[in-house]
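Student: Below, each chain spelled out in residue letters.
Number of protein chains: 2
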Amino acid sequence: MSKNEFERIETYFAPLTAGFDGALSLKDDGAVLAVEAGRELVVTTDTIVEGVHYIGDETPDLIARKLLRVSLSDLAAMGADPIAYTLNIALPRGTGDNWLEAFAGGLRADQDAFGIHLAGGDSVSTPGAAVLTATLFGSVPAGMAVRRSGASPGDVIFVSGTMGDSAFGLAAAQGALSADKSEMDALEARYRLPLPRVNLGACLREIATAAADVSDGLLADLGHITEASGCGAVIELEKIPLSLAVRRLVDQDAGRWGQVVTGGDDYEIVFTGRNESRVTEFSARLGLPITAIGRVTPGKGIEVRKSDGEPISFAAAGYKHA
Amino acid sequence: MSKNEFERIETYFAPLTAGFDGALSLKDDGAVLAVEAGRELVVTTDTIVEGVHYIGDETPDLIARKLLRVSLSDLAAMGADPIAYTLNIALPRGTGDNWLEAFAGGLRADQDAFGIHLAGGDSVSTPGAAVLTATLFGSVPAGMAVRRSGASPGDVIFVSGTMGDSAFGLAAAQGALSADKSEMDALEARYRLPLPRVNLGACLREIATAAADVSDGLLADLGHITEASGCGAVIELEKIPLSLAVRRLVDQDAGRWGQVVTGGDDYEIVFTGRNESRVTEFSARLGLPITAIGRVTPGKGIEVRKSDGEPISFAAAGYKHA
Chain A
631 MSKNEFERIE TYFAPLTAGF DGALSLKDDG AVLAVEAGRE LVVTTDTIVE GVHYIGDETP
691 DLIARKLLRV SLSDLAAMGA DPIAYTLNIA LPRGTGDNWL EAFAGGLRAD QDAFGIHLAG
751 GDSVSTPGAA VLTATLFGSV PAGMAVRRSG ASPGDVIFVS GTMGDSAFGL AAAQGALSAD
811 KSEMDALEAR YRLPLPRVNL GACLREIATA AADVSDGLLA DLGHITEASG CGAVIELEKI
871 PLSLAVRRLV DQDAGRWGQV VTGGDDYEIV FTGRNESRVT EFSARLGLPI TAIGRVTPGK
931 GIEVRKSDGE PISFAAAGYK HA
Chain B
631 MSKNEFERIE TYFAPLTAGF DGALSLKDDG AVLAVEAGRE LVVTTDTIVE GVHYIGDETP
691 DLIARKLLRV SLSDLAAMGA DPIAYTLNIA LPRGTGDNWL EAFAGGLRAD QDAFGIHLAG
751 GDSVSTPGAA VLTATLFGSV PAGMAVRRSG ASPGDVIFVS GTMGDSAFGL AAAQGALSAD
811 KSEMDALEAR YRLPLPRVNL GACLREIATA AADVSDGLLA DLGHITEASG CGAVIELEKI
871 PLSLAVRRLV DQDAGRWGQV VTGGDDYEIV FTGRNESRVT EFSARLGLPI TAIGRVTPGK
931 GIEVRKSDGE PISFAAAGYK HA
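One line per chain: the protein sequences are A and B, in this order. The first sequence begins at 631 in the working numbering and counts up one residue at a time. The second sequence begins at 631 in the working numbering and counts up one residue at a time.
The shape of chain A in the complex, shown without the other chains (with noise of 0.2 Å):
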C-alpha cells in the first residue's frame, strides 16, 4: 500500500529541508525567506511534464536533478547566488513509493551539489502526465540582477563552455544517431543531467551587460538578449566553441552546424560585456572555457558567417519549447 500525501511529504520531503530553518518543518501554511539587507531575492521556475519535457524512460533521479538545474542555470544567468526551492508534484495515481524515493534522492544530491534547500510545495495526484514544478529562489546584491536588456552596440558576445552537445546527446537518446558509441554516451549524459553554470552567475554581475542561458538553442537566446537591448549581433561560425565529438560529427556533415546553433537544452550562459580580459580572468579561475563569439552590432537580427566572410542563414531560430 502506497503513502498518503501526508505522509509522503514526511517521508520524502521533510527530511530535504533539514538544515533551512524557513522551511518551518513543511509544517505551516507556507515558508519564511529572509533576504539579506542590501540584497534582492530573484526568482525562477519552471514546470516539466512527463511525455512532453522528459522522454519518460529517465530515472526519477535524473528527473529531479534536471528539473532543479533547468532553474539553477536560469538563475546563473540572472548573476544570482542559489538560496532555496519550492517543488510542486502532480504525479499519476500509481506513481509508486519507489519513485519518489529516487525522486527525493536525486533533490538531496543536487541540493548538496548547489548549497540549496527544499523550502516548500505541494504533493497532488493527476488522472494525467506527471506534472513537476521547481521555484528556484536565489539572491543578488540589490540592483544587481543581470538582465537581458543591457547589451550595446561594440559589446563582445561570450558563450560558455560548448555548444551542440545536448542536441545530438537528445538525438543518440532517440537512437536517430550513429557515431563512435563512448562519444554518444558522452553526448547523452550532457543531455540528460545538463551542468548549470552556477558559479558564474556571481562573476556575470562584474563582467556582463547582458546574458541568458542557452535553454532555447544559441540563436534564440542570442535573440532574446538582442531584441530585449534593441540591437543586432554578428557571429562567426567557427568561433563557436565545440566538444571534440561535435566538432567530429560537425566535420562529417557541415549541415549539422543548424543543430549546434539552434539545439535547445545547453544550458550554458551567452552573454555580453566588454573587458575581454576580465572574462579571460574569470575563466581561467573557475576552470570553465568562455569563449568570444562575436559582436552586438547596431541594427537587428543575428548575422552568422563563417570566417571568410559568408553569411549563412539557418531554417529556424531554436526551437521553442512545447
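Warning: the hint list may mix true and false statements.
Here are some of the chain A residues that sit facing chain B, going by a computed Cβ distance under 7 Å [to be verified]: (1) V662; (2) V665; (3) T675; (4) D676; (5) D704; (6) R778.
Keep in mind the hints are simulated off the structure, nothing from the lab. Just so we're clear, the structure is a prediction, and the values are computed from it rather than from any experiment. For each residue, glycine too, the CB sits at the ideal point set by N, CA and C.
Following the hints, complete the assembly by docking chain B onto the known chain A.
Tutor: Coordinates of chain B only, in the frame set by chain A:
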C-alpha cells in the same frame, strides 16, 4: 489557429505584470523581488488539478481566482501581507485562446481585489489533465510570521466567518443536497469562490499565538495547530459560527454537524490567542465576525462538546486533499 506559448505569454500574461517592475515584463530568466529592510518574505504554493481539485464545469475565471485565493488564505494565516505571485500552467494541447483569455481575466480581477501582481511563471502543454500552480509571495516584519506551533494551554480558540458553507456548497453543486434554491446558490457560491481573509492576516501578527487556514476542515486544521504546539483543545459545538443556511441544515439533521467540522475549503482562519478584547476590537474594525469556540488544553487531541458537556466524536477528522 491558437497562439503558441510565446504569444500566449505576451498576450495574456505580460499585461498582468503592469505596475510591478520586478517581473521584468516576463522578458528575463527570472523575476526580482525587493523585500523591505526589516521584513521577511513568506512563500506559499498550491497546485490544483483538473478533475481532482475542481469539478470541471467551472468557468476559467473562477478557476483562476480560486487558485489565487487558496494561497492568499495561506498567506493570511501566516500573518503576511501579499505582494506578488508566479504562475505555472500545464494545459491540454487543445486549450483555446478563449479559455486563456477568461482565465487571465480572473487573475486580473483578483490581482485588483487583493493588490497583487504577476511576477513570472511558466506555460507548457500536457497530454494529460490541466495542472495549475500558483506560488504567492507576501511579507511580514522579520520574526513575526504567525506559526502553527505557538499555542499553549489556556489560549482561546477563534474562527473567522462561518464554518461548513463550502462543504454544503460542494454537495449542492453535485446535486447531493436539496434545500431552498437561493440558500443552495449562496452555499455553492462560497464553494466556488472562497473569500480569503487577507485583511485579517496583518492583525493576526498582533493577536494570534498560532493560526492556520481552514482548508482541510476545522478539526483537521485545528489539529495541525494543536499537534505543532504539543497540546490539545476543547471546542463547544454550539459556539461554532454558522450561516443561516447551514444553521437550517443542521437543525433539520444534527448528523450534518459532521460536515461542518470536517468539511474542507472554508478558507476561514482558525487561530489561538489570549487577548479576547483585542480580538473583538479587530473584528469590529475589519467588519469580520470572529468567534471564540473553545480553549487550548494540556494533553492531546481535540474534544468536541455539546453545551451540556457531552462529548461528541466524528468519524473522520477532516478529509485529506488528494
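Student: Interface hint check: T675/A, Cβ to nearest Cβ on chain B, cutoff 7 Å. Holds or violated?
Tutor: 5 Å, holds
Student: Go through the hint on D676/A and say holds or violated, using the shortest Cβ distance to chain B against 7 Å.
Tutor: The hint holds - D676/A has a Cβ within 7 Å of chain B, the shortest such distance being about 5 Å.
Student: Holds or violated: V665/A as interface residue toward chain B, Cβ cutoff 7 Å?
Tutor: This hint holds: V665/A lies near chain B, its Cβ roughly 5 Å from the closest one there, short of 7 Å.
Student: Under the criterion of a CB-CB separation shorter than 7 Å, is R778/A in contact with chain B as hinted?
Tutor: Hint holds; R778/A Cβ to chain B Cβ min 5 Å, cut 7 Å.
Student: Go through the hint on D704/A and say holds or violated, using the shortest Cβ distance to chain B against 7 Å.
Tutor: 4 Å, holds
Student: Can the hint on V662/A be confirmed by a CB-to-CB distance to chain B that is less than 7 Å?
Tutor: 5 Å, holds
The structure meets every hint from the earlier list without exception.
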